[in-house]
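K.L.:
Sequence:
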Amino acid sequence: MNEHIIAFILGIVEGLTEFLPVSSTGHLILVGNLLGFTGQKANTFEVIIQLGSMLAILVLYWKRYLSLLNFSTIGKPVKKLDAIHIILGVIPAALAGLLLHDFIKTQLFSPKVVVISLVAGAILMIFAEKNHGTFNSTTVDELSYKQAFIIGLYQCLAVIPGFSRAGSTISGGLLVGANHKTAAEFSFLIALPIMVGATGLDLIKSLDFLHTSDIPMFAIGFITAFVVAMLVAVGFLKIIGKIGLTVFAYYRVVLASVFFIYFIL
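Position one of the sequence shown corresponds to residue 1 (full-length UniProt numbering), numbered consecutively onward.
Hints are computed from structural coordinates only; laboratory data are not their basis. Mixed in with the good hints, there may be bad ones.
Stated by the list, open to error - With a straight-line cut-off of 25 Å between C-alpha atoms, the simulated BS3-like cross-links for lysine-lysine are:
no., residue 1, residue 2
1, K79, K238
2, K41, K63
3, K238, K80
Given the structure is predicted, the values throughout are model-derived calculations rather than measurements.
Using the sequences and the hints given, assemble the complete structure.
P.N.:
Pasting the structure below:
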């Protein structure tokens, strides 16, 4: 298949799945193998298109990120999301990713791990839907520092391929009293720093595999992921409160079954 078509398809897959609780890593591994696009070039390409998804979040929330630079609101009686919320939400997973990066890349990127993670993540999401209490945070501005930190702890699960960063953080958000939209929006906001760090590290290690001849392919994937991710993020926030996480959990089990049949049997 033409590489430009592959780039377009994978860009769509990345944009569709990066901010949904379904594991973008699992989808990219599966679709990449189905298209015969694997190896170091494919790994580098995945890093580039993830940058497209990150740009989508930056464009959607640039005003919110800019407001985080106003440190005068920290500690004020009026509730407002501030930089400390983001820092507390990012630090746990950032430390876990930094300490375990090489181990994750060499030992955990396997179909068996993805299958287990997809199912484990689905169980967590169903548990969160059935066991969350009263929602005391209905906007991100109502989140406490404690809630932000606990959600950040749940994000640590996302270092395991297939678990899904969105799935783990939204589940954590529900369990600490945030409603679906608030948990999803905070998940988006803490995604950017985490993804910048993770993809930046991967990109540095992949520089030797970047060639000018690959620019058209990478550009197609990047732009496609950017556009699709932006549309999906906006749409997801509108529907997550109505449909919840359970439907995504069942989808993950189906995806795990496909993984098991295709890669393991």
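K.L.:
The structure should be examined with respect to each hint, and the outcome stated for every one.
P.N.:
Each hint tested on the structure:
1. K79 - K238: 23 Å, holds
2. K41 - K63: 35 Å, violated
3. K238 - K80: 22 Å, holds
Checked against the numbered hints given earlier, this structure breaks only hint 2.
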